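Visitor: All chains should be modelled from the sequences, with the hints used to inform the complete structure.
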Amino acid sequence: SVNMKSLLSEILFRILGDGKACAKWIELRLTDVSLSIHVGPDGENTWPKKYPFCGGVFQSPIDFHKDILQYDSNLSPLEFIGYNVSSTDHFTLTNNGHSVKMHLSPTMHIRNLPFEYTASQLHLHWGNRNKSEGSEHTVSGKHFMHIVHYNSEKYPDIAAAMDKANGLAVLAILLEVGHKAGGVGIFLNMLSMVHIPGFNVQELLPDSPDEYYRYEGSLTTPPCYPSVLWTVFRHPVKISQEQASLKTTLVNGYSGFVLLDLSYFLIELESDYC
Numbered sequence: 001s002v003n004m005k006s007l008l009s010e011i012l013f014r015i016l017g018d019g020k021a022c023a024k025w026i027e028l029r030l031t032d033v034s035l036s037i038h039v040g041p042d043g044e045n046t047w048p049k050k051y052p053f054c055g056g057v058f059q060s061p062i063d064f065h066k067d068i069l070q071y072d073s074n075l076s077p078l079e080f081i082g083y084n085v086s087s088t089d090h091f092t093l094t095n096n097g098h099s100v101k102m103h104l105s106p107t108m109h110i111r112n113l114p115f116e117y118t119a120s121q122l123h124l125h126w127g128n129r130n131k132s133e134g135s136e137h138t139v140s141g142k143h144f145m146h147i148v149h150y151n152s153e154k155y156p157d158i159a160a161a162m163d164k165a166n167g168l169a170v171l172a173i174l175l176e177v178g179h180k181a182g183g184v185g186i187f188l189n190m191l192s193m194v195h196i197p198g199f200n201v202q203e204l205l206p207d208s209p210d211e212y213y214r215y216e217g218s219l220t221t222p223p224c225y226p227s228v229l230w231t232v233f234r235h236p237v238k239i240s241q242e243q244a245s246l247k248t249t250l251v252n253g254y255s256g257f258v259l260l261d262l263s264y265f266l267i268e269l270e271s272d273y274c
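Just so you know, UniProt numbering puts the end of the sequence shown at 274, numbered straight through with nothing missing.
These are calculated hints, taken from the structure and not from any lab test.
Honestly, I wouldn't trust all of these hints.
Taking lysine-lysine pairs in the DSSO-like style, the calculated list, with each CA pair at most 30 Å apart, reads [claimed, not checked]:
| id | residue 1 | residue 2 |
| --- | --- | --- |
| 1 | K101 | K154 |
| 2 | K154 | K164 |
| 3 | K101 | K164 |
| 4 | K101 | K238 |
What you are looking at is a predicted structure, and each value in this text was computed from that prediction instead of being measured.
Guide: Here it is in structure tokens:
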């Protein structure tokens, strides 16, 4: 087995050098979104102090209760362009200690929104050490994965779009433990790989994808820019209990694929090494 505290300490040593890990670790926690979001006694309650948008009126995520929902007959089904990616192409998986990210093909687009949006990445968020929780959006407490697109009519890439109005469009897919695991289940079973052969990404979507919630919101983590047009699908996709528990540490060497439950290890590293 691998000692995670020693592993993280070694990674910091290699990046920062001897004697710098503790001071720089605190700086990383404050400036890097992927490392800061789970740390601190008050968690996300402290975000607005450094990132004012995190306390804004458009802050996502939200919980969709019936009393806040209103039917809009003007909404149309999304049109998915280029989502069926050839198996001769490959998706690359990375992780940042907070989530698993799959980089998507720039030939993938969605239409029937105010603009055309180009796919950038798909990511999963993992909960804390004692829970099999996913990303932050909830519908009555359930959890999601997100497919992120940027406004390619107005901006050259996601970096330019992420802090702009109408800059991003995110599809949120509800994950629910059940007996039948479809395309999402197959994808989750490949999380130990660095490169995944192309597949039809539309298979990750739920049945009846024309039924969804839509609202204008923000990034769910700092800096919380209010730049996201959210489409949250009404129906869930099924995953197995084993797949729901994949937040458990997955390590394949220092230079390979590393998924860590950093919400636990960051706090331990701070107290033991700093």
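Visitor: Hint by hint, say whether it matches the structure.
Guide: Checked hints:
Restraint check: the Cα-Cα separation between K101 and K154 comes to about 24 Å, which is no more than 30 Å; the hinted pair holds. At most 30 Å may separate the alpha-carbon atoms for a hinted pair to count; K154 and K164 meet this at roughly 10 Å. Of the supplied pair hints, the one linking K101 and K164 holds, its CA atoms being roughly 22 Å apart against a limit of 30 Å. With a C-alpha separation of about 20 Å, the suggested pairing of K101 with K238 holds against the 30 Å cut-off.
Hint violations for this structure: none, all hints satisfied.
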